[in-house]
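The listed protein sequences derive, respectively, from chains A and B.
The numbering used here numbers the first residue of the first sequence as 127 and each following residue consecutively.
The numbering used here numbers the first residue of the second sequence as -6 and each following residue consecutively.
I should point out that these hints are in silico values taken from the structure, not numbers from a laboratory.
As the structure is a prediction and not an experimental result, all values here were calculated from the model.
It is possible that part of the hints are untrue.
Here are the simulated BS3-like pairs of lysine-lysine, each with C-alpha atoms no more than 27 Å apart in a straight line [claimed, not checked]:
| no. | chain 1 | residue 1 | chain 2 | residue 2 |
| --- | --- | --- | --- | --- |
| 1 | A | K219 | B | K125 |
| 2 | B | K128 | A | K219 |
| 3 | B | K19 | A | K220 |
The lines below spell out each chain.
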Amino acid sequence: MRWLPVFKKEMRLYFGSPVAYVVFTFFLLISGWFFSQIFLFYSDASMRSFMQPQFGQNLNVVDNVMRPLFTNMSVVLLFFIPMLTMRLFAEEKKSGTMELLLTYPVRDGEVLAGKYLAALALYLILLGLTLLYPGLVAYFTRVEWGPILSGYLGLILTGAVFLAVGVLVSSLTENQIVAGFGTFGVLLAFWVIGWGAEFAGGNLRTVLQYLSIGDHLEGFTRGLVDTKDLVYYVTGVGLALFLTLRSLESKRWRG
Amino acid sequence: MIQVDNLTKRYGPVTAIHDVSFNVDKGRIVGFLGPNGAGKSTTMKILSCFMPATGGTARVAGYDVFSQSLEVRRRIGYLPENAPLYPDLSVASYLDFVAEIKGVGRATRRGRVADVMERCFVGDMQNRLIGKLSKGYRQRVGLAQALLGDPEVLILDEPTIGLDPRQIAEIRALIRSLAGQHTVILSTHILPEVSMVCDGVIIINRGRIVAQGTESELVQQAFPSARIELRVAGAAGDVAGAVAAIPGVVGVQPRPARDGSVGLLVEAARDRDVRPDLVRLVTGRGWALQELHQVGMSLEEVFIRAVAGEQEPQETVPAAEETR
């Protein structure tokens, strides 16, 4: 597999331009803001329940701090990930470098793998930086690591689907703004599609619920790794990347 | 080394190239000559496996560009029109990427990159971002990436565009030095470039090949007879008749008279130089020789004739659509 040169080139481009730093900075700022607010609310609630034990409530720190944080981060990712993927193919097409890339002795699959893995690696670094938050919680109190780890696994998988959709949309256009908005639109649609389940009945309800991206993260944040959810994510990534490969290959015979 | 048979490419109703066939032997440098929009870039895009043809076949190093694209791509170096590069990479890191993707091993990569940077005169800018380079440097970085991996065949689309005269000379010398080990096909619309760099010429116009061969072959084809411009003063009597009587002269056309001088365009057989005979005739009769020179034997004349001669109406698209 000769995906490594493309991977390294994409990483150089992410870190050689302000893209990586801007995304990191703002993602950490926003998720840090969420974390501090949730954490303050939690400490306030635990104080109150200490004073009034009759209002006994669930004060598990993972349930009350990490779970809402995971959900909030996944919403923020909805906005950030399209910006990581939008340039991957669109920019190369626009600037003409795609012409050179496709005439090098690499398979289309290797080009795709290099680009996708680079975006995924950048995303993993971004998630790695947010380990600061559970670290802080663990510093102040005892935590169960199990649900935190499964929550991160859920975020990784959610991000992997977002990125795969982003790569697919980027391969379909040569306009980065179209790629960015297109990705955001598709992801948002898959996010809100589950809301329709409330008023739908029967099979449609099941289908809508299953399609909804957010619903699948829910289990992971509670420490529940369900095969049904894993299948959803893996299928999502697989399908998006397969279609990307088809769109790249079509260039070879369609012209 | 490059074998193109009946290659046709249509973009919807527009025929970019029509029934193009040519061969380029190993180690030769061939210039692809034509006005803008003649189909030069289209042909090169097909040869480099970037774009499929609508009909016909093209083989590079014995491999079909469509069905054995990967094998072809292992053996070519391609410089597209306008040298598209990544503006956010430095010259050295970009060339390192290209070397790696072309399969140059880790051990030799640094040396190879340094070598092409030196040959293309971009070494002094190796740590500069490509986006900050001038057009001439970018063009040469594009050429450097094509040379990486030591490909058998080089496909260069307007390699000297955007360079200053000194750089043009350097790059031409570089391309010239590739002859022998590398097969090069380059496109240009600068005529002297072909004379200086190429062994053979293919002239293309409106998607069709209108002439191909070596420069001297083309000149001979276009001008079967040599043409000499003659002007004498103080002539009395029938100058044209006397000139026509010289053996080897096949035609005499009058040119407008100027200040009492007589001008003639003399056509003579190629195998015999009639200029000494003309001088002897003029001096023998006591006329004053004002002008005597051979005209219209350059590639430029060939090109203008070939391109201007193709004024046929727009070809209609055949009913039977051949697609692959």
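How the hints compare with the structure:
no.	hint	in the structure
1	K219(A) <-> K125(B)	21 Å, holds
2	K128(B) <-> K219(A)	20 Å, holds
3	K19(B) <-> K220(A)	35 Å, violated
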